[in-house]
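Residue numbers (our numbering), protein chains in the order written: chain A, 1 to 216; chain B, 1 to 369.
To be clear, the hints were calculated from the coordinates, so they are not data collected in a lab.
Please note: incorrect hints may appear among the correct ones.
Cut-off 30 Å, straight-line C-alpha distance, at most; resulting in silico cross-link-like pairs (DSS-like, lysine-lysine) [stated by the list, open to error]:
id, chain 1, residue 1, chain 2, residue 2
1, B, Lys-296, A, Lys-194
2, A, Lys-138, A, Lys-115
3, B, Lys-230, A, Lys-115
4, A, Lys-97, B, Lys-290
5, A, Lys-194, B, Lys-53
6, A, Lys-115, B, Lys-290
7, B, Lys-230, A, Lys-97
8, B, Lys-296, A, Lys-138
9, A, Lys-138, B, Lys-176
10, B, Lys-230, B, Lys-53
11, B, Lys-296, A, Lys-97
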Amino acid sequence: MADEQKPGGSEAPSPPAGEGAKPPAKPAADAAKPPPPKPAAPPKPPATMAATPWDSALARSVKERFGDGILATSTYLGQDFVVTKPDSAMPVLEYLKLDADFDYLVDITAVDWPKRAERFDLVYIVYSFPHNQRVRIKVQIADGFEPRTATGVHLTANWLEREVFDMFGIRFAGHPDLRRILMPEDWQGYPLRKDYGILQQDVRWVQENLGIESGQ
Amino acid sequence: MPDTFLDSTELILNMGPQHPSTHGVLRVILKLDGEKILGTDCVIGYLHRGVEKIAENRTYTQFNPYVDRMDYVAAVSNGLGYCLAVEKLLNVQAPPRAQVVRVILTELNRIASHLLWLGTHALDIGAITPVFYCFREREEALKIFEQYCGARLTTHAFRIGGLQYETYEGFERDVKEFCEMFPPKVDEYEELLTNNRIWAGRLKGVGILNGDDCKEYGVTGPVLRAAGVKWDLRKAQPYSGYEQYDFEIPTRENGDTYDRYIVRMQEMRQSVRIMEQAVEGIPAGPIMGKVGKVIKPPVGEAYVSIEAPKGELGYYVVSDGSTQPYRVRVRPPSYINLQALDKMVRGALIADVVAVIGTLDIVLGEVDR
Numbered sequence: 001m002a003d004e005q006k007p008g009g010s011e012a013p014s015p016p017a018g019e020g021a022k023p024p025a026k027p028a029a030d031a032a033k034p035p036p037p038k039p040a041a042p043p044k045p046p047a048t049m050a051a052t053p054w055d056s057a058l059a060r061s062v063k064e065r066f067g068d069g070i071l072a073t074s075t076y077l078g079q080d081f082v083v084t085k086p087d088s089a090m091p092v093l094e095y096l097k098l099d100a101d102f103d104y105l106v107d108i109t110a111v112d113w114p115k116r117a118e119r120f121d122l123v124y125i126v127y128s129f130p131h132n133q134r135v136r137i138k139v140q141i142a143d144g145f146e147p148r149t150a151t152g153v154h155l156t157a158n159w160l161e162r163e164v165f166d167m168f169g170i171r172f173a174g175h176p177d178l179r180r181i182l183m184p185e186d187w188q189g190y191p192l193r194k195d196y197g198i199l200q201q202d203v204r205w206v207q208e209n210l211g212i213e214s215g216q
Numbered sequence: 001m002p003d004t005f006l007d008s009t010e011l012i013l014n015m016g017p018q019h020p021s022t023h024g025v026l027r028v029i030l031k032l033d034g035e036k037i038l039g040t041d042c043v044i045g046y047l048h049r050g051v052e053k054i055a056e057n058r059t060y061t062q063f064n065p066y067v068d069r070m071d072y073v074a075a076v077s078n079g080l081g082y083c084l085a086v087e088k089l090l091n092v093q094a095p096p097r098a099q100v101v102r103v104i105l106t107e108l109n110r111i112a113s114h115l116l117w118l119g120t121h122a123l124d125i126g127a128i129t130p131v132f133y134c135f136r137e138r139e140e141a142l143k144i145f146e147q148y149c150g151a152r153l154t155t156h157a158f159r160i161g162g163l164q165y166e167t168y169e170g171f172e173r174d175v176k177e178f179c180e181m182f183p184p185k186v187d188e189y190e191e192l193l194t195n196n197r198i199w200a201g202r203l204k205g206v207g208i209l210n211g212d213d214c215k216e217y218g219v220t221g222p223v224l225r226a227a228g229v230k231w232d233l234r235k236a237q238p239y240s241g242y243e244q245y246d247f248e249i250p251t252r253e254n255g256d257t258y259d260r261y262i263v264r265m266q267e268m269r270q271s272v273r274i275m276e277q278a279v280e281g282i283p284a285g286p287i288m289g290k291v292g293k294v295i296k297p298p299v300g301e302a303y304v305s306i307e308a309p310k311g312e313l314g315y316y317v318v319s320d321g322s323t324q325p326y327r328v329r330v331r332p333p334s335y336i337n338l339q340a341l342d343k344m345v346r347g348a349l350i351a352d353v354v355a356v357i358g359t360l361d362i363v364l365g366e367v368d369r
């Protein structure tokens, strides 16, 4: 089946039986009426999140304490977050836990923005049982930067950081046991990076361990 | 006789991934001294399907059915969490009628999930009878799902913005009948187990996790409440109109396996209470909010979490303004609760590992995603 071995993970449905490999013909009406050329509009700035500044006692105290380490304190849809410099994330997390009662690390995750110089957003979500409040800490880091582990602050971070490492290839400095957790240990590549295709596999791993051709 | 003959060295014992009491494909490597556990290492990922990757390659609507396949015994809760997260990004709310139906189905699913837990947990401990009773009542809950949306397990019951289907004729009657039928059945289970000496002997004092440890490990749900922390997202940060209902958060003090059993049993009774109130006043009106056919949230991000049967289930959704989510992160309660296994079984016996895995109520579909 030549169609199924097409690389690149195209999502287009395969042509229905009978038509063969012929590309579907365009309706004549579309071809007859080309869209009128658009006047050259000024390029739109890329849309950004319409976050508003977050001002509260907590935001002020964090800013006061960490000064330049805090890049922004914002809120969007009623959810507050702090953007910090890479090195300040851990002190902020520690401060929030010890001095502001954010005693529960809900999640650590990452978002890949391959076109940006600081490629990854590293996101920590913390919650305070006494104050019933949730805050996110966001850090922008470059590929290859090794953020400090949060395992010294919250034990939860162990598996969460292992998963971030597994999926994005972000190594956490000082992590006690940084191994892959969901993917096989000798798998090559980091699946949740944007340049990793949806159909992509570690061909060699699949052949060696499953004894089948991966189809790629 | 040479000393080395009875040399006691550490023994490594492999448990799973094909093992009846690991509830799926969990592999635990146990380090043993005799029968005492010195340490564990969980090997997971056998069921990894890359759900978060799939999300980035589907539209918001197309991804909706996939979430059911994570915690497949509580598919309705998964769907609710995802829909709420996208609704938050869109800044819309489901209409009141949809919210009430959502609450009824979610609570029904909580009961179904807890029943599956109870049946299999008891089976692991060696009590064969409860599993038949539990599946008998679970069937009644699944029948309501099937009548409502055509599916029993992976229900895909909700849509972003509300509900796809109007309730069927007789929905209220079926729910009321279930609410009437079910509490005596819980009494029946409790009669079998609660004061059973073998049951108590196997569970009391086993796998203790106190409140501080729970917070440190991020453990939520019944495990946290059994350790004396009165915290439930339905009360702490109500969603879908949970603030309208009168119910209690059952808690216990000891944080052992027996207390977690008691907490879950009481939670089932509270779920019935919520359903009874909800079904009495299902408001009339539309079932879909103002959501376009093409879902295209503005650029932004939101984290929304709900109280799933296993604990805090969160969705962190990032939108780049297109029709496909830029990133969907699932905060799976099973995955994070499982991390505490090591802490809970250290120093215990192999048989206790079985009890503790059961009491954590993990679903490997959600652990591995």
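Checked hints:
| no. | hint | in the structure |
| --- | --- | --- |
| 1 | Lys-296(B) <-> Lys-194(A) | 20 Å, holds |
| 2 | Lys-138(A) <-> Lys-115(A) | 18 Å, holds |
| 3 | Lys-230(B) <-> Lys-115(A) | 45 Å, violated |
| 4 | Lys-97(A) <-> Lys-290(B) | 40 Å, violated |
| 5 | Lys-194(A) <-> Lys-53(B) | 9 Å, holds |
| 6 | Lys-115(A) <-> Lys-290(B) | 34 Å, violated |
| 7 | Lys-230(B) <-> Lys-97(A) | 20 Å, holds |
| 8 | Lys-296(B) <-> Lys-138(A) | 24 Å, holds |
| 9 | Lys-138(A) <-> Lys-176(B) | 47 Å, violated |
| 10 | Lys-230(B) <-> Lys-53(B) | 35 Å, violated |
| 11 | Lys-296(B) <-> Lys-97(A) | 36 Å, violated |
In this structure, the earlier hints numbered 3, 4, 6, 9, 10 and 11 are contradicted, and the remaining ones agree with it.
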